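J.: Listed below, chain by chain, are the residues.
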Amino acid sequence: MTVDHEPVSTADGGEPRFSTWTGKARGWALRRLPPDKLLPEGQPSYVSSWIYVFGMGAVAALVYIIGSGIVLALNGPTWFHVSSLGRFINSTHLWSVELFFMFMVIHLWGKFWMAAWRGGRVLTWITGMLAFVVSIVTAFTGYLLQTNFDSQWIAFQAKDALNAVGIGAWFNVADLGQILMWHITLLPLAVAVVVALHVVLVRMHGVVPPLEAAASDAQLSSATPNPATESEHRK
Amino acid sequence: MTKSPVSTSWRTRDDIASRPWGGTLREYDLFKELVVGVVVVGLLVLGLSAVFSSPDDPSVTLKSWAQAQPADFVATATAELGGTSGTAGYGPPYNSTPDASQKLGPIDLQSLSGVRLPIDTATDFVISPLQTLPTAPAAIDEWTKASDAQHAAWTTAYADALGKAPDNDPAKVPPGDYGPVPALTGALLAMAQQGTLDPVLSAKGSFYNTDYKASILFLGDGSYFPGLADAQHLTGDQWGMMNETGNYPGQSWLWLFSALYQVEPFKSSPNADVLVVFSMVILTLLLTLVPFIPGLRSLPRRIPVHRLIWRDYYKHR
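Protein sequences appear in the order of chains A and B.
If you're matching positions, the first sequence starts at 0 in numbering that gives the first Met the number 0 and goes up one per residue.
If you're matching positions, the second sequence starts at 0 in numbering that gives the first Met the number 0 and goes up one per residue.
Here are the computed lysine to aspartate or glutamate pairs in the EDC-like style, where the Cα-Cα straight-line distance is at most 16 Å:
no.	chain 1	residue 1	chain 2	residue 2
1	B	LYS62	B	ASP197
2	B	LYS203	B	ASP119
3	B	LYS102	A	ASP159
4	B	LYS163	B	ASP71
5	A	LYS36	B	ASP28
6	B	LYS171	B	ASP71
7	B	LYS31	A	GLU40
8	B	LYS314	A	GLU211
9	A	LYS36	B	GLU26
10	B	LYS171	B	ASP159
11	B	LYS266	A	ASP159
12	B	LYS203	B	ASP123
13	B	LYS266	B	ASP236
The set of hints was computed from the structure by calculation and includes no laboratory data.
All figures in this text were calculated on a predicted structure; none of them were measured in a lab.
Whenever a hint applies, use it, and build me the whole structure from the sequences.
T.: What follows is the structure, encoded as C-alpha cells:
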C-alpha cells in the first residue's frame, strides 16, 4: 500500500509537518508528550525522596480497588454476607480503599508543600484534587452498598446533607439500585479518567524542581547526560 | 549576592520550574517502580485483609425492632399516624411541611427540588401495609372516615397515655378516647413481629424493589435504631460519618466534615447540614484553586517543609 500524504519536514526545525487531522493530532500529541517523556528512563536528580512513592502507591492501590470491586460487582452486593471468599474479597476492597486514601492524602500534602503547581503545572494540581474529591464520593457510595447495619445507618444519617442541598431525590442514599449504578459505573469511570489525565499531565510537565533551585546550583551547572538519551545514542 | 524572591505562582515564566530540567539526572525505571508498587501494596492489602478481615454487622429489620422493643415500635407507629414523627415533619423531598427545609440565608435549595419522593407517613407506613393483610383490621375504616382534627386528637391522647404507662407498655395504657389508634398500631406491631411488614413497607405490594427509604425512615423515627448506632459510636455528635462499626477505620477522610458538626455555629443551627456542606464546598474550592490565591499559595515558601523533602538537593548545591 502506498501513502499519499507523507509528513513534510519544515526547512528550519526539521520537525515533521502533517496535513491530515489525524496527523496533526498525532503531531500535537508527540510534541506534548514524546515517548521518552511518557516512558522515561531518567528523572531529575532532585527526585530522590520517599514522598515520591506515594503517588505510585495510590495508583497501585487503585488497581486492587478496581480488581476486587469487579469481583464483588459480578457476585452482587450481598454475596460477601454468605461466602467466606466473598468476605475476603470484601476485605481486600476495604483495605485497598483505606491505603488508597492514605497514600493519596500524603501525596497531596507532599505536593502542596512543594508548591507543585509551579511552572505551568496548575492543571496537574487541579486534576489531583478532582481525583481526591471524586474518590471521596465513590467511597461514600461504596459504604452505602454494604447492605448491613453500617450502610443502613449511613443512609439514614447522610440523607440530611443531600436533601438540604436539594439533590436527595437524584442521589437517594436509601435506593440500592441508584447507589449501585453510581458506585460501579459512573463514579469509577470518573475516577479512572481523572487519574489517567493526572498521570499524563505529570509526564507531560515533569516533576516540579525544588523551590529556590538556581542556575548556579551544582546539579544544574554540571549536568550529566540523560541515561535515556544516552542509550538511544549508543544504538 | 541578593537572592530573588522564590515564586510560587502557577504561571509559566522564564524560570527553572517552567523549563524542561537541564540538570543532572538519575536513572529511573517507571515500569519497575509500578511493578514494585503493585507487589508491595498487594502484600499490604492481602496481609491487612487476612489479619483484620472486614466488619459486617447484620442489618436491623422492622421484625427485629418490633420483637426487641415493641413499646418503642408502637409509640413510633402512633407518631407516624399522627404526623408528629421526624419523617412526617421533614419537608422536601418527602413532604411539604411548612418551614421545615434548611436554608442558606435566603436560599432554600431543599424546597427548590420539590417533593420528589412523596411520603405520607400515616398512609404509607401504617394504613397501606395493614390493607395488605388477608383480613384488614376494621379500625382502618374508622380511621379513614374521621377528620384530620379527630386523627390528631386520638393520636395525641394515645401518645400521652403511652408516655405515662409503665415501661411505655401499650398493654398497660388505661382506657381512653384513642379511637382506632390502639387497634391499628397493635395490628402493625403484630405484622412486624411476624416479619410480614418488612417486604410490604418498601416494595408496596410490588415484586421488585431497590428503594429502602420507607423502611429506613420508619426505623430512624424510633429510638431503637438510633440507639444501636449510638452504641456503635456512629451518631452525628460522635463524629459518626467517619466511623465504622466495631474498631475498624471508616471514612476517616471525612474528618473535617464530621468536625464541623461538633462546633458552633453549626452544632446548634437548624440549618446545620446545608451550612456544613456549603463550608466544605468553599474549603475544597480553596484547596483546589490554591495556586491562584496569593498568600495561600505562598505558604509552602513561608513554612519550609520543602527543605526536608529536597534535603539531598540542597545539601549538594
